[in-house]
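Top line first, the protein sequences correspond to chains A and B. Last residue of the first sequence? That's 268 in full-length UniProt numbering, and every number before it is there in order. Last residue of the second sequence? That's 276 in full-length UniProt numbering, and every number before it is there in order.
Don't read these hints as lab results, they were simulated from the structure. Heads up, the beta-carbon is just placed ideally off N, CA and C, and yes, glycines get one too. Every clue listed holds true.
Selected chain B positions facing chain A (in silico; Cβ < 10 Å): (1) V171; (2) R173; (3) F174; (4) A175.
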Amino acid sequence: MSLQTAHSPARRATEQLMQVRGLTMSYGSGAAENKILQDLDLDVRAGEFVSIVGPSGVGKTTLLRCLSGLLAPKAGTISVGGQQITGPHPDLAVVFQDYSRSLLPWMSTRENVAFPLQGKGMGKAERNALADRNLAAVGLAGQGDKYPWEMSGGMQQRVAIARALAYNAKVLLMDEPFASVDAQTRFDLEDLVIDLHTNLGVTVILVTHDIDEALYLADKVVVIAEKPATVVDVIETNFGEVRDQVETKADPRFAEARARILHRLRDH
Amino acid sequence: MAETAVSTRPDNARRRTRTVRTGTSPAARLLERSWLIAVVFILWWVLSARSTNFFVPSLQEILAVLARDLSSGVIPDGAAYSLTNLAAGLLLAVAVGIVLGLILGEANRLRQVVDPVIHFFRSVPQAALVPLIIGAFGMGQGPKIYTIAFACMWPVLLNTIDGVLGVEPTVRRFAKVYRIPPGLYFRRVVLPAALPQIVAGVRVALPIGITVMVVSELFAATRGLGFYILNSSATFQVPETWAGALFVGVIGYILSVAFVLCERRILRWYIKSGAK
Ligand SMILES: Nc1ncnc2c1ncn2[C@@H]1O[C@H](COP(=O)(O)OP(=O)(O)O)[C@@H](O)[C@H]1O
Ligand SMILES: [Mg+2]
Chain A
1 MSLQTAHSPA RRATEQLMQV RGLTMSYGSG AAENKILQDL DLDVRAGEFV SIVGPSGVGK
61 TTLLRCLSGL LAPKAGTISV GGQQITGPHP DLAVVFQDYS RSLLPWMSTR ENVAFPLQGK
121 GMGKAERNAL ADRNLAAVGL AGQGDKYPWE MSGGMQQRVA IARALAYNAK VLLMDEPFAS
181 VDAQTRFDLE DLVIDLHTNL GVTVILVTHD IDEALYLADK VVVIAEKPAT VVDVIETNFG
241 EVRDQVETKA DPRFAEARAR ILHRLRDH
Chain B
1 MAETAVSTRP DNARRRTRTV RTGTSPAARL LERSWLIAVV FILWWVLSAR STNFFVPSLQ
61 EILAVLARDL SSGVIPDGAA YSLTNLAAGL LLAVAVGIVL GLILGEANRL RQVVDPVIHF
121 FRSVPQAALV PLIIGAFGMG QGPKIYTIAF ACMWPVLLNT IDGVLGVEPT VRRFAKVYRI
181 PPGLYFRRVV LPAALPQIVA GVRVALPIGI TVMVVSELFA ATRGLGFYIL NSSATFQVPE
241 TWAGALFVGV IGYILSVAFV LCERRILRWY IKSGAK
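Please build the complete structure, drawing on both the sequences and the hints.
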């Protein structure tokens, strides 16, 4: 996924990369147990873009924290590349919901992107070069010396994405990454992520409560609902590799899929 | 004196620095900040000029004695000794306070066990412990340094713990997901995140250190500013006592100004990001 190693083109891969079986999660225990996720299954192929859509409070963040190894599930298994994960894993990078708070304000954007690479033991020159290349890939060429707090929300978002890309994980996990920016910035960032996915072949799992966003971005939309949450529908979209904010959303298949998701969510 | 408000919130630091920055010309700002001191000294000079009270000599006399003992080397020698103790004590306090604070801030179980002990020790008036520590560890320079360090450590320790507890949960999650190794995590994540609070703790520790520095030389000492003050007052050389106290006050003021300047450099990102 790093910029120098081109993977096979996206949206054509078929190889199974991530597999979730019987994922069950709850907060608290005994009488105070609050069941959030129940017996959830998920399959992600290499190079696939999967959206997980569900109403607020259904447990999307909880699900993503399980997938990223931050929370240990009560039951079930999560595996990446056939290997079961028990905690944070080098093949998994996360773009957080409150991206602005996950960037470190005492580091420049270059240092922010390079920092996890330092943790991997990479030398300074190499990690800075990689940081600059990934900043350029998200449209922030030459902005490495700026600090996050000198940037708009949308730009901070791009830094967080560059950091995840530079980490060179196989799977990018994103938790409502565009929920707190204005509409135009949101469209720009959506298109950026589509471009990165297409050009770099990175596998993306993105969680959102926005049905249009889920459909627009993904190859596959996984609908979760109910309490405790479980998968209620899986929709393979066929809008092709090139997407357009106006045309794709005007596609009759788009409207059809949206109606189907709305029905599913209403019925549960 | 150790009971000075310990949790000097960094918000205050930010607000104060901002008002300082939005000044007019440097000369006007200097005037604005120093006129009151000038007035106090002029009033002191005028009111004490005809003093016949043995314990309140005229400022003129105090300054004359100060000038004499400065040029004779008595005060500079004492200052060198005392300030060495202060610097060593503060450094020790900051080092131990930060390291312990980082560990206790991260280790929740351990902190809950140790917490009552910390609050007990920090509530004991530190000056009262001085004769005990010196009695236990002997005369020399070492016990004085340890006394200063002991007294100064509490605000640094408590503020460091506070700062660590205030680290954004998202920042912690980021460090976990991206598998930042522990050493790097402490050095480049927790320490900078807690730094505004730590600096506030050191600012509180500084005047405590100066007081304990003086007090520690009231017992079993043959050198230093505290000794100079005690010795002169024991032999009824009242102007010398005043001169010594005045000198310590000036040192304290200079150190606090120097500290604010350092603070602004160390917390550049914090001040700038907050001011935006
Ligand atoms: N750390 C936690 N402890 C206890 N309950 C939690 C915790 N985090 C989330 N919850 C609860 O779990 C449910 C799902 O939360 P979340 O996963 O954040 O939903 P979503 O991201 O879909 O909005 C909510 O009802 C929330 O109150
Ligand atoms: Mg959420």
